[in-house]
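Heads up: the sequence lines are chains A and B, in that order.
Position 44 (the first sequence) corresponds to 157 in this note's numbering; numbering is contiguous.
Position 138 (the second sequence) corresponds to 144 in this note's numbering; numbering is contiguous.
Just so you know, the hints here were simulated from the structure itself, not pulled from any lab data.
Mixed in with the good hints, there may be bad ones.
[Said to hold, decoys possible] One side only, chain B facing chain A, incomplete, derived with CB under 8 Å: (1) A60; (2) R86; (3) P202; (4) L358.
[Stated by the list, open to error] Computed beta-carbon distance windows for the label pairs: (5) B:K353 x A:G277: 25 to 33 Å; (6) A:R220 x B:Q349: 26 to 34 Å; (7) A:M114 x B:E271: 49 to 57 Å; (8) A:A322 x B:M299: 50 to 58 Å; (9) B:E271 x A:Q219: 57 to 65 Å; (10) B:K353 x A:E335: 37 to 45 Å; (11) B:G275 x A:E210: 54 to 62 Å; (12) A:G231 x B:D258: 51 to 59 Å; (13) B:D205 x A:S176: 31 to 39 Å.
Just so you know, even glycine gets a beta-carbon here, dropped at the ideal spot from N, CA and C.
So the chains spell out like this:
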Amino acid sequence: METVRLAAQAMGTRFEAVLVGDDAGFLRAAAEEALELIEDEHARLSRFERDSVVSRVNRHASSGWVGVDGDFDSLLSLCDELVCATGGAFDPTVTSEAGACWKEVQRDSGRVRFLREGVCLDFGAVAKGWALDLAREALLEAGVEMALLHGGTSSVLALGAPPGEEGWRIALGSEGGASCLLKGASLGVSAPDGEAGGVGHVLVPGTGAAANEVSLAAVVCESAAWADAWSTALVVLGEELEPCNGMETAFLLSGEALDCSVGWRGDQAGAFRLP
Amino acid sequence: MSATDRRSFLKTAALGAAATWIQPELGALYALPSGKALRVGLVGCGRQGRAILAELAKIEGVSVTAICDTDERRLSSSARRAPEAKAYATHAELLEANDVDAVVVATPTHLHVAPTVDALKAGKHVYCEAPLAHTIEDAKTIATAARGATGVFQAGFLGRSNPVYKLARSFVRAGAIRDVIAMRAQFRKKTSWMTPSSDPAREKALNWKTDPTISLGLAGEFGAQQLDVLQWFTGRYPEAISGSGAVNAWADGREVADTISCTLEYPEGLRTTYEATLGNSLGGTHEEIFGTMGAVRLAWTHGWMFKEADSATQGWEVYANRQSFHNDEGITLIADATKLAAQGKLKEGVGLPEPPIYYGIWDFVKSAAEGADVATGATEGLRATVVGILAAQAVSTGERVEIDPKLFEG
Chain A
114 METVRLAAQA MGTRFEAVLV GDDAGFLRAA AEEALELIED EHARLSRFER
164 DSVVSRVNRH ASSGWVGVDG DFDSLLSLCD ELVCATGGAF DPTVTSEAGA
214 CWKEVQRDSG RVRFLREGVC LDFGAVAKGW ALDLAREALL EAGVEMALLH
264 GGTSSVLALG APPGEEGWRI ALGSEGGASC LLKGASLGVS APDGEAGGVG
314 HVLVPGTGAA ANEVSLAAVV CESAAWADAW STALVVLGEE LEPCNGMETA
364 FLLSGEALDC SVGWRGDQAG AFRLP
Chain B
7 MSATDRRSFL KTAALGAAAT WIQPELGALY ALPSGKALRV GLVGCGRQGR
57 AILAELAKIE GVSVTAICDT DERRLSSSAR RAPEAKAYAT HAELLEANDV
107 DAVVVATPTH LHVAPTVDAL KAGKHVYCEA PLAHTIEDAK TIATAARGAT
157 GVFQAGFLGR SNPVYKLARS FVRAGAIRDV IAMRAQFRKK TSWMTPSSDP
207 AREKALNWKT DPTISLGLAG EFGAQQLDVL QWFTGRYPEA ISGSGAVNAW
257 ADGREVADTI SCTLEYPEGL RTTYEATLGN SLGGTHEEIF GTMGAVRLAW
307 THGWMFKEAD SATQGWEVYA NRQSFHNDEG ITLIADATKL AAQGKLKEGV
357 GLPEPPIYYG IWDFVKSAAE GADVATGATE GLRATVVGIL AAQAVSTGER
407 VEIDPKLFEG
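Okay, chain A solo, but in the shape it has when bound (with noise of 0.2 Å):
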């Protein structure tokens, strides 16, 4: 068996990709690939690129409709459910000036405005997960079997099972405490804090306050952007969670402990809360 690492920058992070296979370098053009389609959400999505697509519906989308093509569409077409299943916790208009939401984003057929001024998009939530499954898919029809991709530690991709194992074990937070294991699935992890600590980086829709509720929320989807929107909504949601489709498990952690053994698993509606 070959393993191939290979890393990329994209989001403001670093994307890895481990694949197991037979073929180093059969796995090798695989993983360029998968990093070659995060590459392009990053430059298509990111908000701070001055020629991202993002970038160009938030300078003229206020005054009258910009077209968009049909892969850009699709991913509004999941904000929709994304927004309306989050009960409005998930909002990619959260970086507007307050007040803003969601429902000022306005679409018809391949086209897209906002209802005001001020309004924007920032997928920020989101774009990750959704680049992650858009390489699960070119790893897949490529016939790429064991895979671990991830952005940012945040956003995990599992395909598969490493060789003798059930899964892919994740650590969730600091090292030796607790863990999930992933197979054919997704993880989110949004901690109000993120990574660096300091100021908080999840904000709640309509104020554009941090989000300070819990200190971390894992959430386990088979779909990477549902499992990115997720753990953001949880964050902001907290012990307001109502149960929610789609979601393997979540964990919301408000204590100082991870202890993910008493985690809240399967088809259990709603998400566990440790003491």
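Let chain A serve as the given structure and place chain B on it in line with the hints.
For chain B alone, coordinates are given in the frame of chain A:
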């Protein structure tokens, strides 16, 4: 004159001077005039084809009505990006359906000729990706078909459509760096240049870039595009090319060099050095033009001018945006500087507001739908392609290639 008045005067004077280089449409939402529309078909749905679909979707009045690829997976991937388009397995079927006004050809280089010539014969406007072909014979076939066609033909050499490059060219041609003494370009990216597939036949087709029988390698695939920029800036084409290459980064049995260098000899002793590698990414992709009073570096989305200490300082430079590169400081070339400076937003103008490919596609759409001048026609496309092909030949043989000027006449 008070200090404030003087600053104000300098700023105004500078902006007035700069205004001749401004692209007035930059940053605006491009749309065809009311009543004008263009139906576009894409032939070749790889990464470049998908990138082009994204740009076409931005232009009001343009609809992508057809996409075509022999590879089903690529076709379905592109269908998501252009959901209204009908999907075809061959370009013949696409042309037969006759629901397009224009065709964009983004197939692998060695497969450009058939869809390009057939689409031109069918009366379609055609945008053909660069380089035009992998052989001089095919490139000439395309150029001949384009010259005799009723539709518009544009070759996909993007420097000629790039607003930052147009601005930089204006500076260079106006003597801002004085006499051009040397040029240099590089392409560096860490990639194996391989595409994975578990199907051997598909894998072979997808990996045409490492097939020595059909690939022009780095000199042709990237060099042709970058060298055309330098040729466009100076108006000169090479008289001879020397080159060498080796497989230094990816010893996987490939024969197409992954690390190359070329020297191109232009009239009057001017030389360009071109280097490219798939083993390292330092500095990425850029072109440089060196003059006796300054230099210009162009990196597709960005451009800078570096002044020599003894060069004259223009008034507007006092207010220009600058970026440091170790011991050097570059003046950022901002294509819509006047407007942005007047609004106090000069810094926001750093970098193009759209990807470079957008401007090539927009030029094509404007020519096809409105009859605007073609940005890069058959002759320029042929010449740039010939340079790429001969540079590739110099690299693969290791021999100096002398160029018959008649080759540039097509």
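Comparing the hints with the structure gives:
no.	hint	verdict
1	A60	holds (5 Å)
2	R86	holds (5 Å)
3	P202	holds (4 Å)
4	L358	holds (5 Å)
5	B:K353 x A:G277: 25 to 33 Å	violated (55 Å)
6	A:R220 x B:Q349: 26 to 34 Å	holds (30 Å)
7	A:M114 x B:E271: 49 to 57 Å	holds (51 Å)
8	A:A322 x B:M299: 50 to 58 Å	holds (54 Å)
9	B:E271 x A:Q219: 57 to 65 Å	holds (58 Å)
10	B:K353 x A:E335: 37 to 45 Å	holds (43 Å)
11	B:G275 x A:E210: 54 to 62 Å	holds (59 Å)
12	A:G231 x B:D258: 51 to 59 Å	holds (53 Å)
13	B:D205 x A:S176: 31 to 39 Å	violated (48 Å)
The earlier numbered hints that this structure contradicts are 5 and 13.
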